[in-house]
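Chemist: As a plain string of letters, each chain reads:
Protein chains: 2
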Amino acid sequence: MRSLTLDQVDDLALGATLLGTGGGGDPYVGRLMLRQAIRTHGPVTLMDPDELPEDGLVMTVAVVGAPTVLLEKIPAGTEFVGAVRALAAYMGRDPVALMPIEVGGCNTLFPLATAAEMGLPVLDADGMRRAFPQIEMTVFTLAGIKASPMTVADEKGNLCVFETTTNRLGETLVRGAVMSLTLANSFSSYSMTVAEVARHAILGSLTYCTDLGRHLSAVQRGESGAFERFLEAAEGTVIFSGTIVDVERLTTEGFAKGTVTIETRDGSDRTMQIAIQNEFLVAFEDGEPVVTVPDLICILDAETAEPITTETLGYGQRVNVVALPCAPEWHREGMLDVVGPRAFGFDLEYRRLGA
Amino acid sequence: MRSLTLDQVDDLALGATLLGTGGGGDPYVGRLMLRQAIRTHGPVTLMDPDELPEDGLVMTVAVVGAPTVLLEKIPAGTEFVGAVRALAAYMGRDPVALMPIEVGGCNTLFPLATAAEMGLPVLDADGMRRAFPQIEMTVFTLAGIKASPMTVADEKGNLCVFETTTNRLGETLVRGAVMSLTLANSFSSYSMTVAEVARHAILGSLTYCTDLGRHLSAVQRGESGAFERFLEAAEGTVIFSGTIVDVERLTTEGFAKGTVTIETRDGSDRTMQIAIQNEFLVAFEDGEPVVTVPDLICILDAETAEPITTETLGYGQRVNVVALPCAPEWHREGMLDVVGPRAFGFDLEYRRLGA
Chain V
781 MRSLTLDQVD DLALGATLLG TGGGGDPYVG RLMLRQAIRT HGPVTLMDPD
831 ELPEDGLVMT VAVVGAPTVL LEKIPAGTEF VGAVRALAAY MGRDPVALMP
881 IEVGGCNTLF PLATAAEMGL PVLDADGMRR AFPQIEMTVF TLAGIKASPM
931 TVADEKGNLC VFETTTNRLG ETLVRGAVMS LTLANSFSSY SMTVAEVARH
981 AILGSLTYCT DLGRHLSAVQ RGESGAFERF LEAAEGTVIF SGTIVDVERL
1031 TTEGFAKGTV TIETRDGSDR TMQIAIQNEF LVAFEDGEPV VTVPDLICIL
1081 DAETAEPITT ETLGYGQRVN VVALPCAPEW HREGMLDVVG PRAFGFDLEY
1131 RRLGA
Chain B
781 MRSLTLDQVD DLALGATLLG TGGGGDPYVG RLMLRQAIRT HGPVTLMDPD
831 ELPEDGLVMT VAVVGAPTVL LEKIPAGTEF VGAVRALAAY MGRDPVALMP
881 IEVGGCNTLF PLATAAEMGL PVLDADGMRR AFPQIEMTVF TLAGIKASPM
931 TVADEKGNLC VFETTTNRLG ETLVRGAVMS LTLANSFSSY SMTVAEVARH
981 AILGSLTYCT DLGRHLSAVQ RGESGAFERF LEAAEGTVIF SGTIVDVERL
1031 TTEGFAKGTV TIETRDGSDR TMQIAIQNEF LVAFEDGEPV VTVPDLICIL
1081 DAETAEPITT ETLGYGQRVN VVALPCAPEW HREGMLDVVG PRAFGFDLEY
1131 RRLGA
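Just so you know, the protein sequences line up as chains V and B, in that order. For reference, each letter of the first sequence is one residue, going 781 to 1135 in this note's numbering. For reference, each letter of the second sequence is one residue, going 781 to 1135 in this note's numbering.
Chain V with its partners taken away, still in its complex shape (with noise of 0.2 Å):
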């Protein structure tokens, strides 16, 4: 049992966005929400699951919708207590904690402002330990834990529940129902037991994360040595360095699509396309896949080391492209189904990063 505190929020929100993959949503506002979360009650506890009863309820929270329409939609807080609150009382029991879908992106900061609204703790654990785009893409779904029951709660009082046989399915029918919302909505799902999360989940993944974001927040400060030392950490390389030259983005399907092309300017004459959907795919170096979901691909600002998001993509940027290993946890059975290059209609393997 830990606390994280205020001055621990921006290292982690700097994680976030960098385990965002360019995807995930801006920490920005979950960041303010945390913040202000923490002032009011007082730091948030973090837990590991050997910490709670085996049997207690864990629940996740999110917000599911297009980041896109997320940077102009301010969340209202009562919404991520609302679908947590809706989904307790659809199974009739409170959750002992909550938990992160996914660390990377907003929605690492979301459950741990909500929970300390709630007076909960979180588990120091999540299903990705980076941003996906679908609900079903979790370690929980290789484990054969259910999305359901889910809920999805807008500030107005809509709410939705569903109970489906797939998790996939459970993606389909929450993407619908928050286009038919406001685009961006709270979500509460992956209700399981605390041994469940000991036994299936991703831990330790928001220590990983507020470590990785100290590191890179060294290296933006200019400290001697602190981008080896993050790479070190982050168990990262750098795969390419140059010029943006073009970016291609629309939003559709509820989701934000694209590619970025970057250019060497060394004079070495290469290019690297990295496809987007919503976080940031494949990376494509003359063509070839060099790096493939589930592995990260971060691309940092040359100059300032900021990790830059699909939203903030622009001609002209001096980039380093960084490929990090996903999470042990994901090198299950099934993850290719679930995560894997083909998952996302790419028609390649996937390459083992460092394999």
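No lab work stands behind these hints, which were simulated from the structure alone. Possibly wrong hints are sitting among the right ones.
[To be verified] Listed next, the in silico EDC-like pairs over lysine to aspartate or glutamate satisfying Cα-Cα at most 20 Å (straight line):
id	chain 1	residue 1	chain 2	residue 2
1	V	K926	V	D874
2	V	K926	V	D835
3	V	K926	V	D1127
4	B	K926	B	E943
5	V	K936	B	E943
6	B	K926	V	E935
7	B	K936	V	E943
8	B	K1037	B	D1127
9	B	K1037	B	D1026
10	V	K1037	V	E1091
11	B	K926	B	E1109
12	V	K926	B	E834
Knowing the structure of chain V, use the given hints to seat chain B on it.
Modeler: Frame of chain V, contents of chain B only:
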């Protein structure tokens, strides 16, 4: 209190096809289900509101989806019971009776079959006394009665619960869910007290429907004067007689939309065009609107007096177009906003039939 027996099912189904005004789904499947349910569980008990406790809870149950799909997908009876039970579980209260949301089309019969299976009576009342394509198009909406909470169930165990601030948003969410499920699913909604039914519903609509079906059946058997007696009972008028010369149909956004064109065959060179959105909505004679929604437009085969649905419309059919006034309960404040021509996107005024 009275019983709906096996020998009344055909009249009820024929009346339901007529009041479907071309849509509402073919009652064929519902008739089979109802026959089977009565054979298994005995006659269905029909009740008036004053025969039940005022504070008892009444629920509607129906199929929602595109009727063109319904013909290809026989609903499993368990879906309907599942939708009702899910609504009861969500509300924590069992219904004392079921009620059709619409008396017109297949949704006239499913509640009767479901009630037989659940051992519940059915209230001789509904919210439309014709078919309408959208959930919010009820006299209940005029009275401020919420369709929420609503449940959508399929035969595989998928379930959605919606609570919405407006009935129109409920329609949008339910339609979206059905598009993601199997395009025609069972739906329970509009829970209200018996006292609310007494005050706001269209009363006696199942009896009205069976009466019209019995009269029309007499016409079909060729009984002398039967057509005049049918028109008298229905307060109906033959507004056009001719031959179908064109049918345009497409299933889009979950609705069957189109136009049917009928020409006189008496040399008078008149043309009627009828606009379809699941049901026949507006009849134009030589370009002028002569019957407008919510009044009913029914197309009868000139030979057999069989009501023709949008699915069975065909080139060369000789038909009589009969207009019936909508239930008088529709003539309340707000009617035009909910079911007037403009609610369906027609830029024209409602012309009250016979006015």
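Chemist: Indicate, hint by hint, whether the structure satisfies it.
Modeler: Right, here's what the structure says about each hint:
1. For the given pair, K926 (chain V) sits about 18 Å from D874 (chain V) by alpha-carbon distance, which is consistent with the 20 Å threshold.
2. Our distance criterion of 20 Å between C-alpha atoms is met by K926 (chain V) and D835 (chain V), whose separation comes to about 16 Å.
3. Distance restraint check for K926 (chain V) and D1127 (chain V): the Cα-Cα separation of roughly 28 Å exceeds the 20 Å cut-off, and the hinted pair is therefore not satisfied.
4. A hinted pair counts as satisfied when its Cα atoms are at most 20 Å apart, and K926 (chain B) with E943 (chain B) qualifies at roughly 9 Å.
5. Proposed proximity of K936 (chain V) and E943 (chain B) is supported: the alpha carbons are some 11 Å apart, at most 20 Å.
6. With a C-alpha separation of about 19 Å, the suggested pairing of K926 (chain B) with E935 (chain V) holds against the 20 Å cut-off.
7. For the hint pairing K936 (chain B) with E943 (chain V), the CA-to-CA distance comes to about 11 Å; that is within 20 Å, so the pair holds.
8. At roughly 17 Å between alpha-carbon atoms, K1037 (chain B) and D1127 (chain B) fall within 20 Å of each other, so this suggested pair holds.
9. For the hint pairing K1037 (chain B) with D1026 (chain B), the CA-to-CA distance comes to about 14 Å; that is within 20 Å, so the pair holds.
10. Using a Cα cut-off of 20 Å, the hinted pair K1037 (chain V) and E1091 (chain V) holds, with the two alpha carbons roughly 11 Å apart.
11. Between K926 (chain B) and E1109 (chain B) the CA atoms are separated by roughly 18 Å; this keeps the pair inside 20 Å, and the hint holds.
12. As the CA atoms of K926 (chain V) and E834 (chain B) are separated by approximately 41 Å, the hinted pair breaks the 20 Å bound.
In the structure shown, a violation is registered for the earlier hints numbered 3, 12, in ascending order.
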